[in-house]
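S.K.: Chain Y is already provided as a structure; the job is to place chain V on it using the hints.
Just so you know, the sequences run in chain order Y and V. Heads up, my numbering is the position in the first sequence plus 225, with the first residue counted as 1. Heads up, my numbering is the position in the second sequence plus 225, with the first residue counted as 1.
Derived from the structure by calculation, the hints contain no laboratory data. Each hint should be verified, as a subset may be incorrect.
It does not matter which identical chain is used: a pair holds within one copy or between any two.
The calculated lysine-lysine pairs, modelled on DSSO-like cross-linking and capped at a C-alpha distance of 30 Å, are [as the list claims (entries may be wrong)]:
hint: 1; residue 1: Lys227; residue 2: Lys570
hint: 2; residue 1: Lys397; residue 2: Lys496
hint: 3; residue 1: Lys347; residue 2: Lys227
hint: 4; residue 1: Lys570; residue 2: Lys312
Protein chains: 2
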Amino acid sequence: MKVINVGLLGLGTVGGGTANVLNRNAQQISRRVGCEVRVHIASVRDIGAPRICETKSFELTQDPYEVVNDPSVDIVVELIGGETLSKELILAAISNGKHIVTANKALIAMHGTEIFAAAADKNVSVLYESAVAGGISIIKSIREGLAGNDISLVAGIINGTTNFILTEMRDKGRSFEDVLAEAQELGYAEADPTFDIEGIDAAHKLTILAAIAFGTPLQFEKVYTEGISSLHLQDVAYARELGYQIKHLGIAKALEDGIELRVHPTLVPEKRLIANVDGVMNAVLVKGDAVGNTLHYGAGAGAEPTASAVVADILDIARALNLSEDSKNAPINVPALAFEAQSIKERKVMQPKEFRSAYYLRVDVNDVPGVMSQLSTVFAEYGISIEGITQKEPAKGELKVSVIFLTQRTQEGLIDDAIEKIQGMPDVLDKVTRIRVEHLD
Amino acid sequence: MKVINVGLLGLGTVGGGTANVLNRNAQQISRRVGCEVRVHIASVRDIGAPRICETKSFELTQDPYEVVNDPSVDIVVELIGGETLSKELILAAISNGKHIVTANKALIAMHGTEIFAAAADKNVSVLYESAVAGGISIIKSIREGLAGNDISLVAGIINGTTNFILTEMRDKGRSFEDVLAEAQELGYAEADPTFDIEGIDAAHKLTILAAIAFGTPLQFEKVYTEGISSLHLQDVAYARELGYQIKHLGIAKALEDGIELRVHPTLVPEKRLIANVDGVMNAVLVKGDAVGNTLHYGAGAGAEPTASAVVADILDIARALNLSEDSKNAPINVPALAFEAQSIKERKVMQPKEFRSAYYLRVDVNDVPGVMSQLSTVFAEYGISIEGITQKEPAKGELKVSVIFLTQRTQEGLIDDAIEKIQGMPDVLDKVTRIRVEHLD
Chain Y
226 MKVINVGLLG LGTVGGGTAN VLNRNAQQIS RRVGCEVRVH IASVRDIGAP
276 RICETKSFEL TQDPYEVVND PSVDIVVELI GGETLSKELI LAAISNGKHI
326 VTANKALIAM HGTEIFAAAA DKNVSVLYES AVAGGISIIK SIREGLAGND
376 ISLVAGIING TTNFILTEMR DKGRSFEDVL AEAQELGYAE ADPTFDIEGI
426 DAAHKLTILA AIAFGTPLQF EKVYTEGISS LHLQDVAYAR ELGYQIKHLG
476 IAKALEDGIE LRVHPTLVPE KRLIANVDGV MNAVLVKGDA VGNTLHYGAG
526 AGAEPTASAV VADILDIARA LNLSEDSKNA PINVPALAFE AQSIKERKVM
576 QPKEFRSAYY LRVDVNDVPG VMSQLSTVFA EYGISIEGIT QKEPAKGELK
626 VSVIFLTQRT QEGLIDDAIE KIQGMPDVLD KVTRIRVEHL D
Chain V
226 MKVINVGLLG LGTVGGGTAN VLNRNAQQIS RRVGCEVRVH IASVRDIGAP
276 RICETKSFEL TQDPYEVVND PSVDIVVELI GGETLSKELI LAAISNGKHI
326 VTANKALIAM HGTEIFAAAA DKNVSVLYES AVAGGISIIK SIREGLAGND
376 ISLVAGIING TTNFILTEMR DKGRSFEDVL AEAQELGYAE ADPTFDIEGI
426 DAAHKLTILA AIAFGTPLQF EKVYTEGISS LHLQDVAYAR ELGYQIKHLG
476 IAKALEDGIE LRVHPTLVPE KRLIANVDGV MNAVLVKGDA VGNTLHYGAG
526 AGAEPTASAV VADILDIARA LNLSEDSKNA PINVPALAFE AQSIKERKVM
576 QPKEFRSAYY LRVDVNDVPG VMSQLSTVFA EYGISIEGIT QKEPAKGELK
626 VSVIFLTQRT QEGLIDDAIE KIQGMPDVLD KVTRIRVEHL D
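Next up, chain Y with everything else stripped away, as it sits in the complex (with noise of 0.2 Å):
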């Protein structure tokens, strides 16, 4: 039995279940893929550290060169994140004839053009399920699945710990502060949040889910991105009042004028399924002018979930390798971005004042006769339709009533020049809170 010899660049969380998940599925891998898959080595930042996996049956290093330079690597697996070492690293490797299996997002949004460039000068494979949507084959079902559809939308819960945090802050009317901080604790969330609640980890990923949905380039900088840090607890809160679930999605859409890309908080119907999905779960949805509306589901992170995806990408390649003739040049025969590199094509992408949304506007007043005659006129004047309109009860002894409008779908430039208005009104108090609506039907 043929042997495909793995190499990994890094042997922490992902890596040491990466090693896991082919150590102890190695026998049932043998009877799908045909022949055996073992890591051959592995390079770690530190020998002596505590670690997820036994490492007695490969080798460990410290030169990271070492498993890209070693002859008998067939593949390999980039799990050090970051997006500079580990692009040198991959640069090596695939000049070596390595084929590629990464889950570092971040390097695929900003720098996978030319990685995919110099894989294909040297006919190798550049693998990055696991860089979306951890343990969901996302990628392959919209590359691959879905292939023969005209895309439309894709919208996803693609960052766990933003999804954690909105649940925990319905479910238990908790501020978003304080949940953060026991994600930071649980482990859920970086020392550093930032990319997270930002948005900034769902904008790269984004970036690569709508490349390959529409056959436009990777374009990390062009995708509009809102993260939850200022999103309150009374919003989520007047949100399920309404039906409506917040959920932190990445959308692209595909429309007649061009694309939008954006990451922001969404306030979804609680009927739709993707609504449902809570805690650190992921899900996608995708619609196919075909298929119609498909929603792909699963964790979408931790150690196993996302060497799932990893190891399915180094089956997909070992499978390759194994029926190939020539056992070090089989690229699998699916282009690293869906689409044929030669057939990507620019989409103009729109600016946030041109996205076509529904809203939910909370405008805290005065509770005074002709406020709200006030307000409807300012709506009026910009053309924008209202679905329906709540006030809250003021708090005892207070003056200041929360008015919710829902807007019909309209163009957010005029949203914007409306709240502008209102904010300049005399019994205005506080900003007027602005989610978007998205009904994904």
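M.R.: For chain V alone, kept in the frame of chain Y given last:
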């Protein structure tokens, strides 16, 4: 640009949908696969019949062997159904060196082993994504996306007709017979609905899912199958009051001592995502040792959702053919049943009395003193632990009351014995209703 020629056997709902998708998305498809994919010829029963697709760009014939024997056809797509002519045509096409795509679940479940062996001999691919759960790429997800996992459970809503009927019964309080008649009018149910409502269609699909999840042979004859035709409206309502939805599930479970293959109505806790999959939609839950629970949701039937999966299979083959030197002979890298043919292993299939499940039992009794104590004694005698008991109020002027028992997980043989004993008690009226409960956690 290379051209891949498709020959369609059948140009009805799915065949017409396939022609439409290939035609409408031709440009995007060639950007994805790097070649042109077009319908070259299609066989129909009646040349003059009305069509849902244009037929000007390809040849029409009433002789399906013209498709199978056409030297320019690369991929034969079988969409005529049945197990006799379809099998003959597929075997003939294979012996002509054609790759095969089929949506025929009965054929794969009953004759897949023979067909795959013939295909392996001729080094061609047979793909059947559309045979299970329509537009959901569940075959690919299990076979490739989750290939690193030891899969312990597949549980799916894999028949849209039964799910539509159950949803209507629950939401509108309508009887099974009433909703079935409507489903037939709407075209969701066949004129002879037996295959759907008695679970045979679901059992065909479960046969395929179990084989690719566990690496066991296709063994339709060993699937325990129970339909929804004897389901009472009151149980649908009672289940809901208890926090469950009744779903008609196909369940394949791997246990230490064997596998369970069963299709039947099932109480599922309403907080599970799959419990909220309504109407004609399908969803499949897959549990792997690394990934945990995943859910795959989409349309299970209909012209274009099914065509979406048919076209995905065509494109998998087209990509392989396009990249190959030998344009006629490049099977995809993945074995037909996910495991290498020589690695497929028998495992013991459990008899119903060996199933382990929780149970919902409705016992209709005369509301007389002592009856509850007698029932409790029987359960205790068989070592069955009761999770909860609910007694329904008798209808006005009636003595008959329904008592609902939810049991803990136990062996089905014990439940059957207990039911037999209960059935013989003088105060027990009617037949005891037994529905399995799965928590799917």
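S.K.: Against each hint, give a clear statement of whether it holds in the structure.
M.R.: Results for each hint:
{"no.": "1", "hint": "Lys227 - Lys570", "result": "between (40 Å within a copy, 21 Å between copies)"}
{"no.": "2", "hint": "Lys397 - Lys496", "result": "both (21 Å within a copy, 17 Å between copies)"}
{"no.": "3", "hint": "Lys347 - Lys227", "result": "both (23 Å within a copy, 23 Å between copies)"}
{"no.": "4", "hint": "Lys570 - Lys312", "result": "within (25 Å within a copy, 43 Å between copies)"}
Of the hints listed earlier, there is not a single one the structure fails to meet.
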